[in-house]
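Protein chains in written order, with numbering that gives the first Met the number 0: chain A, 0 to 80; chain B, 0 to 130; chain C, 0 to 275.
It should be emphasised that the hints constitute simulated quantities derived from the structure, not laboratory data.
All of these numbers come straight from a predicted model, not from anything done at the bench.
Among the clues, some could well be false.
So the derived label-pair ranges between C-beta atoms look like this [claimed, not checked]:
hint	chain 1	residue 1	chain 2	residue 2	range
1	A	I1	C	I134	34 to 44 Å
2	C	R140	A	L26	43 to 53 Å
3	B	W1	A	D80	31 to 41 Å
4	C	T71	A	L26	55 to 65 Å
5	C	A155	B	Y115	39 to 49 Å
6	B	E120	C	G103	38 to 48 Å
Ideal Cβ positions, reconstructed from N, Cα and C, are used throughout, including at glycine.
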Amino acid sequence: MIWQLEIIILVLVVVCAVGALAVRDLLGAAILFGAYSFLMCLLWAIMGAVDVAFTEASVGAGVSTVFFVAAVFRTSRRTRD
Amino acid sequence: MWDDFVRLAVAKANYWIYIVLMCIGLWGMIVKGNLVKKIIGMNILQTAIILFYVSIASKAGATLPIITHHGPGTDSIQAVGHINPLPHVLMLTAIVVAVATLGVALALAMRIHRDYGTLEEDELLAMMREK
Amino acid sequence: MRRLGLITAVLFGGLLAYATPDFPDWGDPRSPASTHVSPYYIQNSLADTAVPNIVTAVLADYRGYDTMFETTVIFAAGLACLFLLRNFGPRAVESRLYRHRPTGITLRIEQGGDLPENSAEFERIDSQWVPYDLIIRCAGRLVLPFIQLFALYVVAHGHHSPGGGFQGGVIFGAALIFYALSHDLRSTLGHLPEARSLIVAAVGVLIYVGTGVLCLLLGGAFLDYAALAGLLGVDPVMARSHGILMVEIGVALAVTTVMVSLYYYLATAGRLDEGL
Numbered sequence: 000m001i002w003q004l005e006i007i008i009l010v011l012v013v014v015c016a017v018g019a020l021a022v023r024d025l026l027g028a029a030i031l032f033g034a035y036s037f038l039m040c041l042l043w044a045i046m047g048a049v050d051v052a053f054t055e056a057s058v059g060a061g062v063s064t065v066f067f068v069a070a071v072f073r074t075s076r077r078t079r080d
Numbered sequence: 000m001w002d003d004f005v006r007l008a009v010a011k012a013n014y015w016i017y018i019v020l021m022c023i024g025l026w027g028m029i030v031k032g033n034l035v036k037k038i039i040g041m042n043i044l045q046t047a048i049i050l051f052y053v054s055i056a057s058k059a060g061a062t063l064p065i066i067t068h069h070g071p072g073t074d075s076i077q078a079v080g081h082i083n084p085l086p087h088v089l090m091l092t093a094i095v096v097a098v099a100t101l102g103v104a105l106a107l108a109m110r111i112h113r114d115y116g117t118l119e120e121d122e123l124l125a126m127m128r129e130k
Numbered sequence: 000m001r002r003l004g005l006i007t008a009v010l011f012g013g014l015l016a017y018a019t020p021d022f023p024d025w026g027d028p029r030s031p032a033s034t035h036v037s038p039y040y041i042q043n044s045l046a047d048t049a050v051p052n053i054v055t056a057v058l059a060d061y062r063g064y065d066t067m068f069e070t071t072v073i074f075a076a077g078l079a080c081l082f083l084l085r086n087f088g089p090r091a092v093e094s095r096l097y098r099h100r101p102t103g104i105t106l107r108i109e110q111g112g113d114l115p116e117n118s119a120e121f122e123r124i125d126s127q128w129v130p131y132d133l134i135i136r137c138a139g140r141l142v143l144p145f146i147q148l149f150a151l152y153v154v155a156h157g158h159h160s161p162g163g164g165f166q167g168g169v170i171f172g173a174a175l176i177f178y179a180l181s182h183d184l185r186s187t188l189g190h191l192p193e194a195r196s197l198i199v200a201a202v203g204v205l206i207y208v209g210t211g212v213l214c215l216l217l218g219g220a221f222l223d224y225a226a227l228a229g230l231l232g233v234d235p236v237m238a239r240s241h242g243i244l245m246v247e248i249g250v251a252l253a254v255t256t257v258m259v260s261l262y263y264y265l266a267t268a269g270r271l272d273e274g275l
């Protein structure tokens, strides 16, 4: 395991999580959440949980993002906080 | 003292990050007014818990929980040599159930938007008080 | 409220951080999580089930009961979305949008208008802003068969490599969602109508439960696939491997169709008339 890579991913995961909650544009929040899921999947792949990483790559980064985009498209895109 | 602290911080880096993510998720669920933001916070909380479970499953120097069944050595499988598969199984199903609950949560949010025309918590509460 | 939320989150994190130094070190093979039942799984799963991927063996065999109800939960989520969002009422304005292909002009045809159905020059589109993109269509058409084939491979090869019913099902569902995104919702609904999708989801759960009941009828315990040995004509260890495959196919069917149904309801707000 490459620990420098893991530290970088751990920091990026936190940045993406904060970003997804802080952005005022809900479409941007959905995409940032997709990036967060994909970084999480990389982290789990590094830690040897290949099945979990595989599921997260297809579910979290793929289908969840589409669901969020669909919901944002059918409701409203702007938010006050 | 300082060495102890650094050792603790580095040896348990994953645990610290899962705590940070869990706090971010919980904070998002409580403080954010928009329902989609609350759902994102819920998902961050869920993935933080999954990160915790995957972290407790790891073993230093162990390989993936897939047994090489070709060639010699199939009858001497050592538990130390493979990562603990049990948390992986629990979390694998948890992720798929998480996306199912995400679908239901978004459906509820859309239903609220259809009936009230907004996703902001304070506006919703004001409308409910008027009724 | 904002301050209270922040205090709650920080207190919560502080409690967790207070307990963290007592945790076993990262990667400690003697930690409590890795000592009780998991060494048994690692050492015996290949001899018990002939499945090299321990995660699949534990998921579908040792803890098959757990996974059965997870599948039921996913099916219930699909049904919940149906009841929450499905809207059979008439639309406010009955109009259809068509694009004139050579010029790119969008036509709106109100109720009672003459509809250029099946015309080569006109195509029906979902909403006004859908751009006509030949590259996305062609790329989608080229990539789709490979995604679907890969999904089937993931389901079938879950015994030997990472994968299984959940992952394969999600990938197959994502392929159909991708088809709906790159083409339009109507053609996807033509291949997999709403009712058929939910029926297939129920069939997937039924395959899982049916495998368990079949084991019960053949004299074994519920979901003890060794009882299928006589029926399949193999020894009990291989029967467990085949039983896991049967169960995984049920899971894959349920997950695929529930993912597609969730997309149908969320992307159309329950009307099933126009996609994203």
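Checked hints:
A beta carbon spacing of about 37 Å between I1/A and I134/C agrees with the range 34 to 44 Å that was offered as a hint. About 27 Å separates the C-beta atoms of R140/C and L26/A, a value inconsistent with the hinted range of 43 to 53 Å. For the hinted restraint 31 to 41 Å between W1/B and D80/A, the CB-CB distance of approximately 39 Å keeps it satisfied. Our hint of 55 to 65 Å for T71/C and L26/A is violated, since their Cβ atoms are close to 33 Å apart.
Taking 39 to 49 Å as the suggested C-beta distance range, the pair A155/C and Y115/B conforms, at roughly 47 Å. At about 43 Å, the beta-carbon gap between E120/B and G103/C stays in the expected band of 38 to 48 Å.
Violation of the numbered hints given earlier is confined to hints 2 and 4; the remaining hints are satisfied by the structure.
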